Amino acid sequence: MVDPDYLKFDTLSLHAGQEPDPTTGSRAVPIYQTTSYSFVDTEQAAGLFNLEQPGHIYSRISNPTVAVLEERIAALEGGVGAVCTASGMAAFHLAAATIMSAGNHVVASRNIYGGTHNMLNLTMPRFGITTTFVDPRDPKAWRSAITPETRVLFAETLGNPGIEVLDVPLIAEIAHEHGLPLMVDATFTTPYLMKPIDLGADIVMHSVTKFLGGHGIALGGVIVDGGRFDWAANDKFPTLSQPYDGYHGISFTDEYGHQALSMRARAEGLRDFGAAMSPTNAFHLLQGIETLPLRMKRHVENTDSVITFLEGHDAVTWVSHPSVSTHPDHELAKRLLPKGAGAIFSFGIAGGREAGCRFIENVQLASHLANVGDAKTLVLHPASTTHQQLSAEDLVAAGVGEDLIRLSVGLEDPEDIIADLSRALRASQKG
Amino acid sequence: MNIECRGEAVNFATGGVEVGRDLPLVVLVHGAGMDRTVWSQQTRYLAHHGFAAMALDLPGHGESGGEPLSSIGEMADWVSEVIDGIDQGPARLIGHSMGSLVSLEVAARHPGVVERLVLLGTGAAMPVHPELLGAAERNEVLAPQLITSWGHGTRAHIAGNPAPGLWMRSGCQALLERAADGVIFNDLAACNSYEAGDVAALITCPITVVVGSEDKMTPPRATSQLVAGLSDVDLKHLDGIGHMMMIEAPDRIRDILLGALQ
Ligand SMILES: Cc1ncc(COP(=O)(O)O)c(C=O)c1O
Chain A
118 MVDPDYLKFD
128 TLSLHAGQEP
138 DPTTGSRAVP
148 IYQTTSYSFV
158 DTEQAAGLFN
168 LEQPGHIYSR
178 ISNPTVAVLE
188 ERIAALEGGV
198 GAVCTASGMA
208 AFHLAAATIM
218 SAGNHVVASR
228 NIYGGTHNML
238 NLTMPRFGIT
248 TTFVDPRDPK
258 AWRSAITPET
268 RVLFAETLGN
278 PGIEVLDVPL
288 IAEIAHEHGL
298 PLMVDATFTT
308 PYLMKPIDLG
318 ADIVMHSVTK
328 FLGGHGIALG
338 GVIVDGGRFD
348 WAANDKFPTL
358 SQPYDGYHGI
368 SFTDEYGHQA
378 LSMRARAEGL
388 RDFGAAMSPT
398 NAFHLLQGIE
408 TLPLRMKRHV
418 ENTDSVITFL
428 EGHDAVTWVS
438 HPSVSTHPDH
448 ELAKRLLPKG
458 AGAIFSFGIA
468 GGREAGCRFI
478 ENVQLASHLA
488 NVGDAKTLVL
498 HPASTTHQQL
508 SAEDLVAAGV
518 GEDLIRLSVG
528 LEDPEDIIAD
538 LSRALRASQK
548 G
Chain B
60 MNIECRGEAV
70 NFATGGVEVG
80 RDLPLVVLVH
90 GAGMDRTVWS
100 QQTRYLAHHG
110 FAAMALDLPG
120 HGESGGEPLS
130 SIGEMADWVS
140 EVIDGIDQGP
150 ARLIGHSMGS
160 LVSLEVAARH
170 PGVVERLVLL
180 GTGAAMPVHP
190 ELLGAAERNE
200 VLAPQLITSW
210 GHGTRAHIAG
220 NPAPGLWMRS
230 GCQALLERAA
240 DGVIFNDLAA
250 CNSYEAGDVA
260 ALITCPITVV
270 VGSEDKMTPP
280 RATSQLVAGL
290 SDVDLKHLDG
300 IGHMMMIEAP
310 DRIRDILLGA
320 LQ
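So the protein lines, in turn, are chains A and B. 118 is the number of the first residue of the first sequence in the working numbering; add one for each residue after it. 60 is the number of the first residue of the second sequence in the working numbering; add one for each residue after it.
Please note: incorrect hints may appear among the correct ones.
Unchecked claim - If you only want the chain B side, here are some residues facing chain A, beta carbon under 10 Å, derived:
(1) ARG95
(2) ALA106
(3) ASN220
(4) CYS231
Stated by the list, open to error - To give a feel for the contact side, a few chain A residues facing chain B, derived at Cβ under 7 Å:
(5) GLU188
(6) ALA191
(7) ALA199
(8) GLY344
(9) GLY366
(10) ILE367
(11) ASP371
(12) GLY374
(13) ASP511
As the list claims (entries may be wrong) - In the DMTMM-like style, the derived pairs of lysine to aspartate or glutamate whose C-alpha atoms are separated by at most 20 Å in a straight line are:
(14) LYS312/A <-> GLU236/B
(15) LYS493/A <-> ASP533/A
(16) LYS275/B <-> ASP120/A
(17) LYS275/B <-> ASP122/A
Just so you know, the hints here were simulated from the structure itself, not pulled from any lab data. Bear in mind that the values here come from a model prediction, so they are computed numbers and not experimental data. Where is the CB? At the ideal position from N, CA and C, for every residue including glycine.
Model the full structure from these sequences, guided by the hints.
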């Protein structure tokens, strides 16, 4: 049988989007730290501004270093294009603002990153876009939340804080039955663990800040356009399928078809909202992606070791990760995430809020901070930090009990991570 | 402008501008399993540079109505009827891959509707690899994958889309995946069974042929065989470029088109 001669994942992580610089031979991706680009002549300038020909005008809209990162992430995800943004939050906003307008509605998983929840729950309604939150594991809830004004279904591939595994094929099918796209936040899985577009998702977003970068030194976001969704099949997406005065009446689906979303998100969204990624951040994030497959493999291996240790520890009352057989999505994870269900999870500590505080104060190697997906191991006790204003009952309602510790397992030697956790667990029990 | 042919809607891209009724008509015809959007880096440019540009969706492709036509000859008759219906004089006809065969046939069968041909990724014959044909017949994703794999030069498989942020490989595959079941097979079978015969001898208008040195779908050898039989022909070589040349080298194709059409 013949197979396509496609470059494979690890090769794409290193090469996609870049050739040695044609003028200098530079092998590494150069940082094009420039705001703007000289035009050849007025003819070319007019052509660039009018979308008659491709190229760079101004770094708010596109930049050669950022373009390498965009092409690379699109390649890893199997998307037709990608648009990078200043942060993960900006990526969500760019996608939402490109496909929706006032009066539209979102159906979103209720188990999502707090920042995205705030944006959907509190901020977007000020601009006329409302959201119904549903249990991501309940297909009936997804279906019944869809209204005539719904324009997108949204969830994280791995939810927060219960690491709910999204049944991407199932939720995509529900979306498509209603002529709607499924957008997923794949920050926790990265394209190494799951390729949501192959499973049916239409838009993938990442906080590139996390595992894709891997080093915790640069913020960034991206939306990836799957290219399979037909935006012109109904009249729900006029920003893509109707003439746009911003470029003399162009219709993005007429001209660009499967790449309509990528084109409009850049031509309008980056141009007007302006949440562009800086070239230096793109450079840093590219360095991270070069080793993505190696790092993710190690993140998963270390997570397995840490989970085995925690499951056998007296001060640990429960461990919630899809690799654990009691996790509700254990079987689904085997099917959709054969390489592992990521390096972020939570566990319960005996002794509740006070023990949780003592644990956090006694870790030395692990860092106590509000981030995930760093190369270094990170811990957080939401009840005493991010969620400290909530009562015990409110915490339970938010799925964040007083005893919950969140771990983002890093790339240190697993023995050292375990020794650190072991010491802190011991200290936590000496109340 | 809305047009119909044989009672079905004909969809086309115009570069986002009204078709200029007093401008020379340029008609672009896509290849197997594809649609008008393969010309997205050229249509709008031509439309803003003195032409009435119309990138067609063949029947059953993209947003055009009707069923896919099963032979190159039938497709040529359809294109000729569409051009007649537009009623803007003879067209400058640009075809890629299967569309290049269609364009050749239009010029041979209906010389009155064509005044110039530009053929990209073309050949005297287009035999299709049996495994590709089989995958297409079974509507397997392998068919879009093989066309994409063989359809791009080595460079295009790695990097460097001049259009910022677009990834060529998935772009091509997604476009082909959007074709309705049976469409890719229909088109590949039409290419496979096409014999140019004496077509070349019947063509009287000037022709520009563009060949990519890394084209594995219509290799330079096949292009040379076609060119050998043509009289008024200008051959353009693109080094390091594969079959999907409008996307791999959009600027160079745009310049070649502009030169050939003026
Ligand atoms: C799952 C998820 N999505 C989105 C974001 C937002 O990304 P950023 O912080 O890059 O804006 C985060 C960040 O914490 C996240 O964890």
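Interface restraint verdict for GLU188/A against chain B (beta-carbon cut-off 7 Å):
5 Å, holds
For the pair we were handed, LYS493/A and ASP533/A, check the Cα-Cα distance against 20 Å. 12 Å, holds
May I ask you to test the interface hint for CYS231/B with respect to chain A, counting a Cβ-Cβ separation under 10 Å as satisfied? 9 Å, holds
message: Given a cut of 10 Å on the nearest C-beta pair, is the interface hint for ALA106/B held or broken against chain A?
response: 8 Å, holds
*asked:* Checking hints one by one. Is GLY374/A an interface residue toward chain B, by the C-beta closer than 7 Å rule?
replied: 4 Å, holds
Can you verify the interface hint for ARG95/B: is its Cβ closer than 10 Å to any Cβ in chain A? Holds: closest Cβ of chain A sits about 7 Å from ARG95/B, inside 10 Å.
Task: Proposed proximity, ASP120/A with LYS275/B (alpha carbon, max 20 Å) - done: 15 Å, holds
- Task: So, ASP371/A near chain B? Judge it on the closest CB pair being under 7 Å.
- Result: 5 Å, holds
Report task. Take the C-alpha atoms of LYS275/B and ASP122/A, compute the straight-line distance between them, and say whether it is at most 20 Å. Result -> Holds: LYS275/B and ASP122/A sit about 12 Å apart, inside 20 Å.
ask   = If you take the shortest Cβ to Cβ gap from ALA191/A to chain B, is it below 7 Å?
value = Status holds, d = 4 Å.
Practice task
For the hint on ASN220/B, just tell me whether its beta-carbon gets within less than 10 Å of chain A.
Solution key: With Cβ-Cβ at 6 Å, under 10 Å, it holds.
Was the hint right that ALA199/A lines chain B, CB cutoff 7 Å?
-> Holds, about 5 Å.
Taken one by one, the earlier hints fail for this structure only at number 13.
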